[in-house]
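Visitor: Single-letter residue listing:
There are 2 protein chains.
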Amino acid sequence: MKLQQLIKTHQLGLLFQQGKFGIEKESQRVDANGNIVTTAHPAAFGSRSYHPYIQTDFAESQLELITPPNEKLSDTLRWLSAIHEVTLRSLPESEYIFPLSMPAGLPPEDQIQEAQLENKWDVEYREHLSKIYGKYKQMVSGIHYNFQISDEFVEKLFSLQQSYSDPIEFRNALYMKLANNFLRYQWILVYLLAATPEVESQYFGEKSPLAAGQLVRSLRSSPYGYVNAPHVVINHDSLKDYVESLEHFVASGDLLAEKEFYSNVRLRGAKKARELLEKGVKYAEFRLFDLNPFAPYGITLEDAQFIHYFLLTMLWLEETGGQQAVEQGKAYLYQVALEDPRAPTGLQTEGEAILKTTLEMLEKIQAGKEIEAIVKAKLEQFADPSKTINGRLRQAIEKAGSYKALGAQLAQQYKAQAFERFYALSAFDNMELSTQALLFDLIQKGLNVEILDENDQFLAVKFGDHLEYVKNGNMTSHDQYISPLIMENKVVTKKVLAKAGFNVPKSVEFTSVEQAVAHYPLFEGKAVVIKPKSTNYGLGITIFQQGVTNRDDFRQAIEIAFREDKEVMVEDYLVGTEYRFFVLGDETLAVLLRVPANVIGDGVKTVRELVEAKNADPLRGDGSRSPLKKIALGEIEQLQLKEKGLTTESVPASGQIVQLRANSNISTGGDSIDMTDQMHESYKALAVGIAHAMGAKVCGVDLIIPDLSQPARPSLDSWGVIEANFNPMMMMHIFPYQGKSRRLTQNVIKMLFPELP
Amino acid sequence: MKLQQLIKTHQLGLLFQQGKFGIEKESQRVDANGNIVTTAHPAAFGSRSYHPYIQTDFAESQLELITPPNEKLSDTLRWLSAIHEVTLRSLPESEYIFPLSMPAGLPPEDQIQEAQLENKWDVEYREHLSKIYGKYKQMVSGIHYNFQISDEFVEKLFSLQQSYSDPIEFRNALYMKLANNFLRYQWILVYLLAATPEVESQYFGEKSPLAAGQLVRSLRSSPYGYVNAPHVVINHDSLKDYVESLEHFVASGDLLAEKEFYSNVRLRGAKKARELLEKGVKYAEFRLFDLNPFAPYGITLEDAQFIHYFLLTMLWLEETGGQQAVEQGKAYLYQVALEDPRAPTGLQTEGEAILKTTLEMLEKIQAGKEIEAIVKAKLEQFADPSKTINGRLRQAIEKAGSYKALGAQLAQQYKAQAFERFYALSAFDNMELSTQALLFDLIQKGLNVEILDENDQFLAVKFGDHLEYVKNGNMTSHDQYISPLIMENKVVTKKVLAKAGFNVPKSVEFTSVEQAVAHYPLFEGKAVVIKPKSTNYGLGITIFQQGVTNRDDFRQAIEIAFREDKEVMVEDYLVGTEYRFFVLGDETLAVLLRVPANVIGDGVKTVRELVEAKNADPLRGDGSRSPLKKIALGEIEQLQLKEKGLTTESVPASGQIVQLRANSNISTGGDSIDMTDQMHESYKALAVGIAHAMGAKVCGVDLIIPDLSQPARPSLDSWGVIEANFNPMMMMHIFPYQGKSRRLTQNVIKMLFPELP
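Sequences listed follow chains U and G, in order.
Residues 1 to 757 in full-length UniProt numbering are what the first sequence spells out, letter by letter.
Residues 1 to 757 in full-length UniProt numbering are what the second sequence spells out, letter by letter.
Put simply, identical chains are the same to the list, so a pair is met inside one copy or across any two.
Taking lysine-lysine and the DSS-like style, the derived pairs with C-alpha atoms no more than 27 Å apart in a straight line are:
id, residue 1, residue 2
1, Lys526, Lys156
2, Lys72, Lys376
3, Lys462, Lys72
4, Lys387, Lys399
Honestly, the hints are just simulated from the structure, not real lab data.
Since the structure is predicted, the reported quantities are computational estimates derived from the model, not experimental observations.
Throw the hints in and build the complete structure from the sequences for me.
Guide: Quick look at the structure:
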């Protein structure tokens, strides 16, 4: 297969670099000291019988975190980050994720529980492994790297060659080349990326095969990792040979199942290897990788990119290894794995030659400067082992005192980092916070989620065969199309709500001052708002809170309003406090009070200092991606202070509330206060009724209520509805400034997937 | 009750003029010669057991058209127009609506069928009337004018007076004043508005009470109209007296039911008069009015306004008539009804005095110039009877030859007018044509419809207790909120449809020329479109319809596209014709082909003349309110001609198709051609599947199909989906340029109200 030639002639370089990438990462749950815990897999993660992201590997304590496949490696790493944040934030307070592959602080073997999966056979298989290999070996963790060659590339290549007439055969041969060449040269990745130089003696039981103080490159990739019995040799000459020899060892009982064959490459695409012959390989799984303790989530994007181009090199090479090459590779692997990591490798020349080939390939396929720099840096590491992960790790272990101590220290650090912006899902921070919160819950509970459009906050969520689409966190199939259209139109909203018998402030429109003034008697004694029909920035609005009692005042207000518009409205003014009711289905799930930006004096600090102190709250940010906003001290705030005879340097008395804004928007530093439990139930029922009248399932209802402790009466002085909102904000309820958090995103999921256990 | 004083002191003038108005109009279905038909009430009008707009009065041939109540009289007249247009367009071709009150061309009595209502008692009641009064008298038609005094006005007035302590009693007294003063002065309206000067002798049976050639002002309001037996005298001194005397005559058997009392005023608001005492009068029905044959729908807006202010005058008057005044009024009514219409009335002085009071009132309440002019014109008619409707009618009858001939002639004229813009509902012409069509169907079938926002095309539709909202003709509760959001986002649409397995053109995006050209092999031999990611006016687009075969051509196209945008897309080009599929639920209801503006030569006419001829189609208009648009001959069209070596003055050969536009939009003069029956069913099923994949109930799906007669295959060369539209246009299917009309609005109604019989 003259792949290089074909890529060059037909300029397939970019297509060659496409593909799909997925990562599976095992790691142990440990306590603050790095000891593996014996607690059950946290219930917060839903059921392992279907969870796509958070599973357990061999042991109950051994998390397996799985990203979905992505066309961009960077997306795969984002998913890895997101799944980690979800996991770390969902663990019990005393638990952490151990960042190194070799287990430390192993409990006695009898206390290690195999993963308690629902499928009985899965548990039995693990019990079998315990018997054959011992439990400790199974506790080693690592990273599996899944790579699917671009289907289009494979098809294009097939169409350009003559050696194969069957596209499946061609595809399988391509993957066999990838697998065998990888197995031949895998030692290079061990040299560069391995991070298991030692392990606590406990791991080996009574006697360690290593000399005291002996360091190696990779215990995990050495014969002391988990390996099959030496006589289990699978023939890699062709996929057919591979399948047949694998079946042979299963039939003979040497392997309990095909998956007991521990190769560093697995060809994927079917449940049984034999099916691959007919269906074709879909992707390959590379299982070689130790956890990188310096990467909070076990692997860096740069290393993942390096691995990608290393894999491409395996395809690019003119040679196509068979069984002999695979055997050679295994010998080299063991050799390098057990080398002293402080010394250069004995295979340096071959390693440098291969990476030089990679560099040549990068140029031919125009892969760009970025990856070129990464590969060059790796190439340099052959001459200087201290720059490899192992090299850096040795220094870090020395500093920490022990392998386990370093692991514990990093585990604590990474968990703390995952909590820094606890309201966000960092990897998806360019989406709205509500969608981030929803994504968090979906990942936690184990629903399949696909981001259809990140800028548009558009998700596809699947549970079994049940598919739902969600936009902006709560716009779904459960709402009717007509409901938001009703809410969008304030006139229609009022009519619909009035028809349904709710208290709606009445309004009368006028087209001339004289016409309006002639109607004065209609309004005499009533609390009214006089405003231009189209209000801009509140211009031209007059409020008679206590009722208008003087015709001249009324006329003046009308004249002011007419300066802004050709039509003027006189509307009932509702006296009371505005609350936001979040309705979902038949329930008001949250009630929120929004209070204008303010500080409370302590008799010591200036307004400026009080603002600074309040702004230190981690919930307060500057951009749009924080639940609360920092209070500014701009013109508007200073004007507000001035009206009360204050400046930013005034020192308010202890307990004195200093309001810094007239409006209560959260976006201008306002406080959100949960009032769900304080609100009289009658208003919650009204909010539900209002949502129903508009056919809405998810709805934000703004009610004006003078006294939230008194039951609602059917008159405007008891309550009134101002407007309703489709796609109501959820973040302010989830992370309020004060009061109880209401995790509304979980309710959205329950609404969409009532079948979820 | 010092109403004038209160209005003046408290400036209640404008409120006084508010209220609600409804009109009920009876008229006979007749043939082209004005003979009353004996056919059944048309089935097109749904069921009379609930129809709010189109009913029958006494006889099966006697239509009763009913407007909903409106706060503006002009809206009531618009409804009257709309209901008429629906009725006239739904009648059998040979039937018309007789525009005069007195019936002409009466069939023999035994051929007149009482209205065949579902309620048995309703039929029996009509049979009873036939016996007591004879059928002919019941065939007289007229207009009932419903007026509700503004509730706010009544409440305000009540709060300002001391005479009444009970608001219901006060309200009832106000309505009694209105009713009694009306009955006292109703002769004035007869003088001005009556239009039944004569009747065919047949009406009286064997001997006419009128002298040969005798003309009167109003036969209908005279004792020869339908009146109760003289001894049935109802006491109007108070509502209580009224109720008791009415009950007395029903108990005695002189009246079969309260409704058999034929007063020119009925107080409404309860089923039984007695209930009014407790519940209060809601509105009053004035039953005096002859049909105005010069108004296509029986009454002009000006006359309706005049009647409103006449009614206000009855409230405004200081006097409050009792039984004596009512008796006096009845005597005056009969006197004026039987006067010779050519002569001034004997009561001229009183009439002029009342209208002068009206004029004084108008000034005091600042009613405006318009109504002042109307009242002044009526005032002048006391001195010149020829200006009254009767006066004009006499001339028209003379010209037509006979009363019946005039009626037949006008009936034909009004029906023809109703068909002039047969695709529109003229009164609601500021709404979209689709909403007009939907309104038409709703009125025809008898669903209660309320226009919530005319500019926003927002309707509330009710059938029994079942309420639905509709925006833009087909945006309803039946679609999910998420569906339009999916369709709005082209990226998401593609992903959703691709996930569901539909043929979607693939696209690849590039950020540099070199990157794109490097991918050339991906596209070699394929039909592709190269375009800037954001297309503006089609700039920068290159299409390789036959497949791109040359790298340099490809590069050039890429370069052109990059001049317009920083990102360029290479998309599969779908070869074929674009069809619009209109999907509702599980069915493709219509398939449309849109053809660019064109004319077909005849070897004689120039392009300009051909365009003029084609533009004469009544479906083609200039604004937005016509199903098709006139073809322009502007720059774009002339350029298009020039490219083919033609000018507007060229004479195309017979059969030569001259295309005048590159685009196929209906809005630029394109033709719409229904292809529903020609389209292979497999594509219709696909369109349904595509709508379902997006959760859509109502959806416009655009498919590209090379051969509509061949069954669909699962590859892009058989068909592809370009995009989907929520709120798809319906008008182009309902009134296509060519092919069968698909009345989609009826399907929308069936979807919303499946329970509708």
